[in-house]
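> Could you put the whole structure together from the sequences, leaning on the hints where they help?
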Amino acid sequence: MEKKLATFLGSERLGVLSTCGGQQPYASLVAFGATDDLSHLVFVTPRPTRKYANLVTNTRVAILIDNRSHRASDFRRAMAATAVGTVHEVRKARNSRLIRLYLEKHPQLEDFLWSPTCAVLDIRVESYYVVERFQHVTELHLR
Amino acid sequence: MMICDLQQIDDSLRDTVGGKAVALANVLRAGFAVPRAICIGTPVYDRFVEATGLRARIIMEYDRKPYDQMRWEELWDTALRIQSLFINAKWPADIVAMLRKRIGSEFAGVPVVVRSSAIGEDSARASFAGLHESFVNVRGVTSILEHIKLIWASLWSDRAMLYRTEVGLDVNTSRMAVIVQELVDGQKSGVIFGVSPTDEATAVMEAVYGLNQGLVDGTIQPDRWMIARATGTVTSHIPASREKMVARKPMGLGVVPLSRQRRSQAPLQESEVYQIFHAEKALERRFGAPQDVEWTYQGAQLHILQSRPITTASHLSPQDLRPWYVSLHRSLETLKELRRSIENEYVPHMICQAEQLAELDMTTLTDKDLAKEIHVRQRVLRYWQQVYWDQFIPFAHGIRLFGQVYNRALKPKDPHEFLRLLPSEPLKSVERNHRLIQAAREVGRRRLSHMRKEADSSTLSVLLQTAPADRQEAFFRELAGVEETGVGSNPLKTDTSAKCFLKAFPARERKKAAEILELARASYKLRDDDNIYLGRIEAELLRALEETRNRSSKAAKLEIKAENAELFARALVVRSFQLPRGRHTIRERPGPAIRARQLIGQPAGHGIVVGRARVVRKAEDLLDFKRGEVLVCDAVDPNMTFVVPLAAGIVERRGGMLIHGAIIAREYGLPCVTGVPDICKAVKTGNSITVDGYLGIITIGSSQSNPVGPTTTGPKPHRASRQSS
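As they're listed, the protein sequences go chains A and B. Positions 1 to 143 (my numbering) are the ones given, in order, by the first sequence. Positions 1 to 725 (my numbering) are the ones given, in order, by the second sequence.
For the record, the hints were derived by calculation from the structure and aren't laboratory data. The model shown is predicted, which means the values in this text are computed figures rather than measured ones. Every residue, glycine too, gets a C-beta built ideally from N, C-alpha and C. Treat the hints loosely; a few may be bogus.
[As the list claims (entries may be wrong)] In the DSSO-like style, the derived pairs of lysine-lysine whose C-alpha atoms are separated by at most 30 Å in a straight line are:
1) K684/B <-> K4/A
2) K525/B <-> K557/B
3) K681/B <-> K4/A
4) K3/A <-> K561/B
5) K3/A <-> K684/B
6) K368/B <-> K413/B
[Claimed, not checked] Anything over 10 Å on all C-beta distances counts as not near chain A; from chain B, calculated:
7) D10
8) A97
9) R224
10) R262
11) L302
12) Q353
13) L381
14) S576
15) P592
16) D624
[Claimed, not checked] Where chain A lies over chain B, by a calculated footprint (3+ residues, C-beta under 8 Å):
17) 54 to 60
18) 593 to 601
This is how it looks when you write it as structure tokens:
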């Protein structure tokens, strides 16, 4: 399952990030990168955004990553993984492992990442909830 | 091309009309008489599955579980569900108008054969003939339309799914064409194989009186001719014991007795044998390979019904069980024959033999004689296990045959609704459980030894001899507290459902429908009872092992099970006998904790229940079973169903609607999910699990343990009330 999940996270580029500000839930599409050991997911966001504001007050997040193809076969063949964890801001440095990992996957977002308005955020993943074949659910607890 | 005549078909249309239609068109072009036919091309199939949304629904069924985790029984259930989708799908107006117009103009009032012509079928590339359906003697436009749906559904038959890799079965790309062909009411029919499977120099011909469906499904024994391929000389003729033939009835086919004259006369004259042989040679030259040709004579006219390259199973390994599974499809006639031998010969003999074995007092035997007795009992058990595979398991097809007939006639939303009609009298295991509960109430805290006579289960018999008395007492205290209300089928309800089933047929077909229901009921009852009988035979072997344990300290360390019989016998007579070493345990690599949260199986008993799991891995675990627990095991062995009255639900790794776990769960009205891979690894005794017998889903742990799920919202699952499902 770990290997399968690592391959899956390596092949997908976008995920839906869930944050919560006060009583208000919010979801946003983000480009992400994942470490091989599955323990970190990294994404970048401008600071003036609603999701960043939410993260300042509540660092708990969930992110849904899936490989749906918008066809009927998705119901049985698509896979979705929800990662749950806590977000920490990463210091921007060229030699940062997470930043290098992110830019290897999304080189087109280099300017975006280094822009002073953007923050690099690290989700320290505690658990993954992996759904396959519509209802087959496996949990993977890292911490 | 949506619909075309045979005359319009050539090789370029293979992907639209399928291999069978192309071959028939070629036979026609070669100058042979071929019954008039039209072909409904694959664009019609595509249009139908798209317009009705069936393609998406087939995916939901077909990809429910990974193929390598599906047993054949599960494939059959899947095929039944897909067939039900086709049966219940409403015809799109444009398609039905087009088909009605064409079929009405070609075949109004004419009996026809509706045949499959799948893409890739009957080609040398995919030599797996007989995966799809054909229907003979269909009459009337509406009925022909219904049978076209059934042919399309047979693209997803259990047989096709078994060979899914070889035939490239895929929901997005596989398609089916249909041939509607005038029925030739032949007086004698048969097949010729251009090359014998066992001798390349010989061709083989088989012929029967009447239509050849009886020959194809094994109901009618054919006359057989062997012909030298080089000279066309008949080298041998093996006459059949000619008694009956398959003939056209007002609808469908029936088996009728042969006249005295026909019984004594081979169906073919010598000149006819040569005519068919030369026809095959001509087709062989045309198609470039020896052919498997179906033919029929109407008067003096030879009609070619089908020609395809000879299929062979020689490329399959002997370990490949798929041909055996395919062979489990039996006709009504062969099932009736099977039932006669099972009820009149095998079962009485089995009961009698168990009684004879029970009479022997093994304490009087010397060690040498006891070892001999173990071998005798081992042989007896093996014999009956073979009978079980060869006779009893094929007879289970009686239930499946009924299921197909029921669904085609009543078109129920639930494709397994037919199961409600099957329990006509209490199963042996339910009766046994009732006696056990009564006895447990009477026993109280007194000695339990007399429970053995009620056990009727090899497993329970052994436990009553080997388990500590306090565990036995605890178990029977649990059993004594069971309420038995609503257990078993409701005869009144079953009877009403049976009447509805029979009413769905015209008066002239009701007798046959009743016969199929009766056969299915016998098949259903035997499906469970046969294991009780086999369990009695096994119990007699285990009794000999128990006696051995009393005599040998080495044997005392062995687990009492049939597989260990040889070890027990050796422990008695071989002085230097050493116990086999246990297996080494494999240390697991440390890593993240991976837990199954929700697992998909097959819904096998309606209802939903949340309960404490009791994982049963070995017989001793059964005695720890507590009322209200969920039975979780690899496979419900009929000899362990004595715990079912205590259970709130049943989950097992082995899948299927007709396996013992599913049958007994329905009798007790328990939610049941079968076919859950790795269930015994995923669940531990004491885990809270939810058994969703409607959707076939097992959820492990309470919803509170899942931080992404709702904690208190939505209706809570409830204990299922006991009801027949």
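> Does each hint hold? Answer for all of them.
For each hint, the structure was consulted:
1. K684/B <-> K4/A: Answer holds: K684/B to K4/A is near 25 Å, not above 30 Å.
2. K525/B <-> K557/B: Roughly 38 Å separates the two Cα atoms, so the pair is violated.
3. K681/B <-> K4/A: With Cα atoms ~20 Å apart, K681/B and K4/A stay inside 30 Å; holds.
4. K3/A <-> K561/B: violated (40 Å)
5. K3/A <-> K684/B: Holds. K3/A to K684/B sits at ~25 Å (cutoff 30 Å).
6. K368/B <-> K413/B: Roughly 62 Å separates the two Cα atoms, so the pair is violated.
7. D10: holds (34 Å)
8. A97: holds (27 Å)
9. R224: At roughly 47 Å from the nearest Cβ of chain A, R224/B sits farther out than 10 Å, so the non-interface label holds.
10. R262: holds (54 Å)
11. L302: holds (48 Å)
12. Q353: Per Cβ check, Q353/B is outside 10 Å of chain A; nearest 46 Å; holds.
13. L381: Answer for L381/B: holds, closest chain A Cβ roughly 39 Å.
14. S576: holds (48 Å)
15. P592: violated (5 Å)
16. D624: holds (28 Å)
17. 54 to 60: With 4 residues close enough to chain A, the hint holds.
18. 593 to 601: It holds, with 8 qualifying residues against the three required.
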